[in-house]
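Q: All chains, please: the whole structure from these sequences, using the hints.
Residues per chain are reported as follows:
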Amino acid sequence: MTQSLSGEQVANRVREVLPNAVVKADGIDLYLRSEAMLDVCRFLKEAPDMEMDYLTSITGVDYMDYLEVVYHLTSIARNHSVVVKTKLYDRAAPELPSVISLWQGAEFQEREVYDFFGIIFTGHPDLRRILMWDGYANFPLRKDYLGLNYGQRPALVE
Amino acid sequence: MLKTEPYVLNMGPQHPSTHGVFRMELLLDGETVVDMRPIMGYLHRGIEKLSEERSYTQCIPFTDRMDYLSSMTGNLSLCLAIEKLAGIEVSERAKYLRVIMAELQRIASHLFGVGTFIDDCGASGTPFLYMLREREKLIDLFEMASGARLTYSYIRPGGVMRDVPDEFWPAVRRFVAEMPRYIDEYEQLLTGNEILRARTIGVGILPREQAINASASGPVLRGSGVKWDLRKADPYCVYDRFDFDIPTGKQGDAFDRYFVRVQEMRQSVRILEQAIRDIPSGDPLPKVALFFHPPAGDAYGRSETPRGELGFYLVSDGSIAPYRFKIRSPSFINITALCDMVVGWRIADAVAITGSIDIVMGEVDR
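Chains as they are written, first to last, in my numbering: chain W, 1 to 158; chain F, 1 to 366.
One or more of the hints may lead you astray.
Stretch by stretch, here's where chain W covers chain F in the computed footprint (C-beta under 8 Å, at least three residues) [to be verified]:
#	segment
1	90-101
2	200-214
3	233-242
4	311-324
5	332-339
Worth flagging that the hints you see were computed from the coordinates, not collected in a lab.
We put the beta carbon where it would ideally sit given N, CA and C, even for glycine.
A: The structure is reproduced here in structure tokens:
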């Protein structure tokens, strides 16, 4: 069974090395300052008791007030996982350091997050749109971009 | 000395060996691939956005249309994520039925994956049709269970759509009894085949470290020698009750990925034998309403599909529809390392390497 490390547990380890990186930690999630993302990820990958060698997924969520980027990290060597999140408040030009230098698997996933949310990953060698076409003007998974139902949720049958 | 210059070849989107509408921009020096740029998105339907405007149950048919060669495991992954998010319990019989369907689907998908791969390597038609012969029996089984032949939507949050009919059991027992003999037949035809071995052994090597670093999953990761299968590493449903092995490759070449798939079919048969023997009686139908409100929060649910780790990251705001619906699709991430695998090989090898990854464009583009 893959053990899900709690946010607090990982935060305590991170604070030892990078005291200013952690914003908030609870039983599940670990919130980090966006500038410290790359340093924390490097620590999580290289620390012998973490060994997060596998980047399961990177994704974005638009919470209107801020954009959130969620990293699911897994250690194949130790069979445990952690969820790391960061908030970006600048909707016009959200920026985050790329983790591609640590995990090649970030290449397409960061391009996808850029394509859908407009988050710029600094240090990514080839940050282009990936599923939408070049020259497309919008970031379709942001909440201010309306879908076919104009943001209408399905009618609730109680 | 003849003056030469590099040549750009567009392979796809309409090309039989790109398994759908995948485009590779190959930079060639003679016949040797110098660089490759993958271009995708031709089949992008915006499933993640569409799902935000639909209730959780209404999202299930989308998963049929992502990886259309393995709809059951797509349904299963999404239902596991929804159940984790909403805290829904599943009955024992439904868990066993899910395992049976997922393993039948794995065999069906690997038959198709191996068949098209052999097709790409130049053995046009014959082995592929042998494999479709068995896949047809599986599709008949799925039709008995769900009524559909390709888009099942059979697995639902909290259970399955309906119990399987009585005629399903003799048919699936016959299939499980016959299948090892058919796998022997493929192996006789292919595994020792000198042409296949010459075309695939040592071709398109993905080293173990890079496979992990590039987030590869499924037979691509295991072909590189990493013993990582979510059915063992993070068991869901009732996989921890069955006795089976995880086949792995040695050096991570195209042949190893082929061989892992063939061995996985044998292991699936083993799981099926045990699941059919042990399945308890009871009611497999969901005990939740068609529309439900998961508490606000997020959850990541995943399962091992024939192509790798298919995960769903769902965010709920307490309403009837997901606030965010993220699909972590294995085909999409498995082609991250494709560029490094094809560089240095000939065009014909690039076709074989792409075939050995076994991508489904419905899942890549979503």
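Q: Closer than 8 Å, Cβ to Cβ, for at least three residues: run that test on the segment 200-214 of chain F against chain W and report holds or violated.
A: holds (count 4)
Q: Taking 8 Å as the Cβ threshold, is the statement that the segment 332-339 of chain F is covered by chain W upheld or broken by the three-residue rule?
A: holds (count 5)
Q: Per the coverage rule (Cβ-Cβ under 8 Å, at least three residues), is the segment 90-101 of chain F covered by chain W?
A: Answer violated; 0 residues pass the 8 Å Cβ test.
Q: Are there three or more residues in the segment 311-324 of chain F whose C-beta lies within less than 8 Å of some C-beta in chain W?
A: holds (count 8)
Q: Given as covered by chain W, does the segment 233-242 of chain F meet the bar of three residues or more with CB within less than 8 Å?
A: holds (count 3)
Of the numbered hints given earlier, the model fails hint 1 alone.
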